[in-house]
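Colleague: Hey, can you work out the whole structure from these sequences and the hints?
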Amino acid sequence: MAELFSKLAYYFQYPFVRYTLIVGVMIALCASLLGVPLVLKKFSYIGDGLSHVAFGALAIATVLKFSNNLPFILVVTVIVAILLLKSGQKNKIGNDAAIAMISVGALAVGYLLMNLFSETANVAGDVCSTLFGATSILTLKESDVIISCILSAIVILVFVLMYNRIFAVTFDENFSTATGLRSGIYNLVIAIITAIIIVLGMNLVGSLLISALVIFPALSAMRVFRSFKSVTVCSVIISVVCAVLGILISILLSTPVGATIVGVNIVCYTAFFLASKIKKVT
Amino acid sequence: MSLIACKNLKLGYEGEVVAENINFEVNSGDYLCIIGDNGSGKTTLVKTILGLKKPLEGEIVFGEGLSRSDIGYLSQRTDVQKDFPASVMEIVLSGCLSHMKHRFFYSKEEKKLAMDNLEKLGIAHLSKSCFRNLSGGQQQRTLLARALCSTSKILFLDEPVSSLDPEATKDMYKIVNELNKNDGTTIVMISHDIQSVEKYATHILNISDHSTFGTLEEFKKMEESGGNDNG
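If you read the protein sequences in the order shown, they are chains A and B. Under our numbering, residues 8 to 289 are what the first sequence spells out, in order. Under our numbering, residues 672 to 902 are what the second sequence spells out, in order.
Errors might be hidden in some of the hints.
Computed cross-link-like contacts, BS3-like style, restricted to lysine-lysine with a CA-CA straight-line distance of at most 30 Å [as the list claims (entries may be wrong)]:
no., chain 1, residue 1, chain 2, residue 2
1, B, K799, A, K236
2, A, K48, A, K148
3, B, K799, B, K824
4, B, K870, B, K782
5, A, K236, B, K852
6, B, K681, B, K724
7, B, K753, A, K284
8, B, K841, B, K779
9, B, K782, B, K852
10, A, K93, A, K48
11, B, K852, B, K678
12, B, K791, B, K725
13, B, K892, B, K852
14, B, K772, A, K93
15, B, K753, A, K236
16, A, K93, B, K718
17, B, K870, B, K824
18, B, K681, A, K93
19, A, K93, B, K725
20, B, K799, A, K286
21, B, K841, B, K799
22, B, K782, A, K236
23, B, K782, B, K753
24, B, K891, A, K49
25, B, K783, A, K236
26, A, K48, B, K845
27, B, K753, A, K287
28, B, K718, A, K48
29, A, K49, A, K286
30, B, K852, A, K49
31, B, K724, A, K48
32, A, K48, B, K772
33, B, K783, B, K724
34, A, K236, A, K286
35, B, K753, A, K48
36, B, K845, B, K772
37, B, K841, B, K718
38, A, K49, B, K824
39, B, K791, B, K824
Calculated from the structure, these hints are not laboratory results. Keep in mind it's a predicted model, so treat the numbers as computed, not measured.
Modeller: Shown next, in the form of structure tokens:
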């Protein structure tokens, strides 16, 4: 045990390890906040589609050799999020197909671009780390950490202020609109912060795994808790605990960060699932 | 001037006409029942008045200073709500949002209003319960309490008793009638149940190929003379 702690203490001397932990906690927190309304609105697949779009945008940004990729990816993903939402309001079936088309299309184009224009010898490695997150501990720059923290803080602030309205629009959009609440705006807010979270999370767990951070904590919490508030609070706690555990395990065992965090989330979901079954029986 | 006036309304989805030539008005204190066959456009009419969709033709005029935030709405339950983790209090409070303008959180007054409405409908003891575990009647009361938090002026009810057992149905009609008679709340209700309609309503709107609108007496006369096949 003592050996374990000294090993951790050794790693925590390095700034990039501390950065990973800070960014990991912030992203996990944001992702889980939004997860509850997204799952309840049956929007989980939008998150999944957007993460592939972010991957495509990243490939384009790499080809265009931007000094900082983040703003470009962010803008593209937010625009696609808004477009998907708008088309979803018009007709439901077309929307489902549109998301499938955009998400697979972005994935293919992204991979193609990375192959054609890559300057490094290890294309497969690059693609793999974009899709599944960095293979070992991340090499985050200080500027990345600052941007991630600022954006996360904005997401948390917006969510807390809009909490009651997000609840109302999620529970019953028709009632909200009929009584004079501008549901469109709150749906837009949800879409934009979803896009921000997905782009941020891509750094940590990669674009294929980010939607796991959004949906797993919410689903776990919903198994056991019965009010919107308790589900939201619980999913935040689950998400942060899983992220910290996942990062620590990945440091100690040199496993990939993203996959480890998702793995811990799966274990957690299983535990909550069993707990809810036992609760029902007794 | 009436509270709501509809003139030559034509309703439908993407060019397909569901109902047309709908003319009626609602005055303060009225109890209007909208009847008609399945698919005749009753729900579409209510959704159009509430601004959830646009009419194909015609106009809807709000009078007496009526605005969206003066409207309460009890819709048919949606699929999302069947498995939604929310407490009764959370749902009822959300009815207060339409009056909060730019405030983000509920004040003491709103919490009291929500509690008062729960008491009025006899479900104050359920305020902390989970919505999806309630019976059909309790769920409808919760949604009605939410509608009352958003207004006491005019309530739109879309088949409020469709999934209730006979006892809960009776209670629901009684509650709505009391709201109308004691609190002066204007009621616009979609209903299938002609017997209850004749017991409580002051006005009837029958949506069919030849939509008719009139007071209960006029409706009964028409029914007797056989002028209305749907009655």
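Colleague: Run the structure past the numbered hints and jot down the numbers of the failing ones, going up.
Modeller: Numbers 2, 4, 5, 8, 12, 24, 26, 30, 33, 36 and 38 - these are the hints that the structure violates, sorted from lowest upward.
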